[in-house]
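All chains should be built: construct the whole structure from the sequences, respecting the hints.
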Amino acid sequence: MGISSDSNPLSGKEFQSLNCKTLECPVEVPATGVARVRLKPTCHDIRMSWPKIETIKSKRLHLEPLSVDHAPEMLEVLADASLYEYTGGEAPSLEQLQRRYAAQTVRHSENQLQGWFNWVVRPINGGVPMGFVQATLERKASEMVASIAWVISPIHQGHGVASEATKAMALW
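Residues 237 to 408 in our numbering are what the sequence shown spells out, letter by letter.
Hints listed in this document are in silico derivations from the structure and should not be mistaken for laboratory results. Predicted model only: the values in this text are computed from it and were never measured. From the three backbone atoms N, C-alpha and C, an ideal C-beta is built for every residue, glycine too. Mixed in with the good hints there might be a few duds.
[What the hints assert, rightly or not] List of simulated lysine to aspartate or glutamate pairs, EDC-like, C-alpha gap at most 20 angstroms:
#1 K288 / E374
#2 K288 / E300
#3 K403 / D305
#4 K288 / E309
#5 K403 / E290
#6 K295 / E400
#7 K288 / E346
#8 K376 / E400
#9 K293 / E400
[Stated by the list, open to error] For each label pair, taking beta carbons as the anchor points, the in silico distance ranges come out as:
#10 H395 / E346: 23 to 31 angstroms
#11 Q332 / A377: 30 to 38 angstroms
#12 P390 / R296: 16 to 24 angstroms
#13 S329 / V364: 17 to 25 angstroms
#14 K288 / P390: 29 to 37 angstroms
#15 R296 / A385: 26 to 34 angstroms
Now the structure itself:
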């Protein structure tokens with residue numbers, strides 16, 4: 237996804253203007269992290285062809301497209317019980333995480349009405365994962381809605397990692 241030349245995500249504007257690569261539909265991403273898209277009349281009658289996920293780099297971070305191979309090293313990131321304090325649940329086992337990642341790396345729902353974009357976040361110079369960011373794009377009536385989420389290890393929280401990673405993802 238690309239940002240239009242007349243929109244700077246760091247300018248403090250309420251919305252960033254994005255364009256769908258395959259359908260050239262205007263997208264608005266509010267600062268709250270939920271995007272709403274008004275589809276062109278011809279767009280809502282066809283299935284989405286989702287773009288291939290790519291590696292993303294920001295000033296301090298390297299976002300790698302999620303793969304099942306990330307499961308063993310993400311176990312430590314997801315092991316901290318404080319991550320589940322408000323959302324519920326518990327840390328996944330290796331087998332659970334491998335199954336989850338296998339499903340997510342398909343990159344879209346069976347009917348292709350949802351696109352799934354997931355990245356593992358690392359420091360730009362390499363090292364262990366710090367967490368992950370994800371965006372799910374879904375068609376709802378005449379709109380495309382993006383749900384953006386992130387999980388950052390508690391040891392890396394409070395340093396702007398989630399903000400920088402989600403901005404980099406939105407600029408993609």
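Hint by hint, here is what the structure shows:
| no. | hint | in the structure |
| --- | --- | --- |
| 1 | K288 / E374 | holds, 16 angstroms |
| 2 | K288 / E300 | holds, 13 angstroms |
| 3 | K403 / D305 | violated, 25 angstroms |
| 4 | K288 / E309 | violated, 24 angstroms |
| 5 | K403 / E290 | holds, 15 angstroms |
| 6 | K295 / E400 | holds, 8 angstroms |
| 7 | K288 / E346 | holds, 16 angstroms |
| 8 | K376 / E400 | violated, 28 angstroms |
| 9 | K293 / E400 | holds, 10 angstroms |
| 10 | H395 / E346: 23 to 31 angstroms | violated, 38 angstroms |
| 11 | Q332 / A377: 30 to 38 angstroms | holds, 34 angstroms |
| 12 | P390 / R296: 16 to 24 angstroms | holds, 18 angstroms |
| 13 | S329 / V364: 17 to 25 angstroms | holds, 19 angstroms |
| 14 | K288 / P390: 29 to 37 angstroms | holds, 32 angstroms |
| 15 | R296 / A385: 26 to 34 angstroms | violated, 20 angstroms |
In terms of the numbered hints stated before, the structure departs from hints 3, 4, 8, 10, 15, listed from lowest to highest.
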